[in-house]
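Just need the whole structure built from these sequences, with the hints factored in.
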Amino acid sequence: MAALINVPPKAKRGDIIEIKTLMSHIMETGFRRTAAGDLVPRDIITSFTCRYNGSEIFRADLFPAISANPYLSFFTIAKDSGKFEFEWIGDNGFSATASASITVE
Amino acid sequence: MRKGQTTRRKFLELAGGAAVVPVVTLRPLEATPAMLSAAIRSVVGEAPVRSGKVKIDIPPLVENGNTVPMTISVASPMTADDHVKSIHVFNEKNPQPNVGNFYIGPAAGRAQVSTRIRLADSQKVVAIARLSDDSFWSVSADVIVTLAACTDEVN
Numbered sequence: 212m213a214a215l216i217n218v219p220p221k222a223k224r225g226d227i228i229e230i231k232t233l234m235s236h237i238m239e240t241g242f243r244r245t246a247a248g249d250l251v252p253r254d255i256i257t258s259f260t261c262r263y264n265g266s267e268i269f270r271a272d273l274f275p276a277i278s279a280n281p282y283l284s285f286f287t288i289a290k291d292s293g294k295f296e297f298e299w300i301g302d303n304g305f306s307a308t309a310s311a312s313i314t315v316e
Numbered sequence: 336m337r338k339g340q341t342t343r344r345k346f347l348e349l350a351g352g353a354a355v356v357p358v359v360t361l362r363p364l365e366a367t368p369a370m371l372s373a374a375i376r377s378v379v380g381e382a383p384v385r386s387g388k389v390k391i392d393i394p395p396l397v398e399n400g401n402t403v404p405m406t407i408s409v410a411s412p413m414t415a416d417d418h419v420k421s422i423h424v425f426n427e428k429n430p431q432p433n434v435g436n437f438y439i440g441p442a443a444g445r446a447q448v449s450t451r452i453r454l455a456d457s458q459k460v461v462a463i464a465r466l467s468d469d470s471f472w473s474v475s476a477d478v479i480v481t482l483a484a485c486t487d488e489v490n
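Taken in order, these protein sequences are the chains called A and B. Quick note on the numbering used here: the first sequence kicks off at 212 and runs consecutively. Quick note on the numbering used here: the second sequence kicks off at 336 and runs consecutively.
Straight line, CA to CA, 30 Å or less: simulated DSSO-like cross-link-like pairs of lysine-lysine: (1) K231/A with K388/B; (2) K223/A with K290/A; (3) K223/A with K388/B; (4) K294/A with K221/A; (5) K420/B with K390/B; (6) K223/A with K294/A; (7) K294/A with K231/A; (8) K231/A with K459/B; (9) K459/B with K388/B; (10) K231/A with K390/B; (11) K231/A with K420/B; (12) K290/A with K221/A; (13) K290/A with K390/B; (14) K459/B with K420/B; (15) K420/B with K290/A; (16) K221/A with K231/A; (17) K420/B with K223/A; (18) K390/B with K459/B; (19) K223/A with K390/B; (20) K290/A with K388/B; (21) K420/B with K221/A; (22) K290/A with K231/A; (23) K420/B with K294/A; (24) K420/B with K388/B.
Treat the hints as calculated values from the structure; they're not laboratory data.
Here it is as structure tokens:
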């Protein structure tokens, strides 16, 4: 479970900043078959949440149509110095978290 | 005929029996336009969906449907009174009509989301934005895919 997070380490108050995240995950659709004809069971990340100093700023419901190693990028206004917390939840009890800090001047 | 030995006749009966077992597919392998509109209705309800405000940035021709970069942006001031609440992305011909739901708010500053998606066939991608006044705006884009995703065989 490796996550790649890209948050600018510093920003001016009021700046709109871009946050990029990537989580390594197979995102098995549940529609593919093996050569023997057996359906490969679904194994995907179903939900992603980003919190900025505790309050939710972005949330996503993901479906099998999202590529493997789901990449998500979104924006937020830099308000205060603090922490971004990221959470991925998926099938078969998948759960992963990551965080990044920012200094707002 | 000895006991415990499979005779040719018995074998053929079994093999023939197995061959006529119907293949039950619970879902069609392709989302139909009806499934697409049902998926859209489950998000917007009975509200009218107008076209405009939303923009899809997606390559019109992709070689590999397994990772298609896509950016959705919505023209919105993103203030407390006038902002985008959520963006919903649908497709026409994948096994499932949903692609993703993205929930944002005035804290986003800019109503823009990027991700990478799978496309099982050349098809239409639809994005719908829900604004703070609960109006819905949509746009669609056609994508030609030369190598399909989702339903290929596992190696």
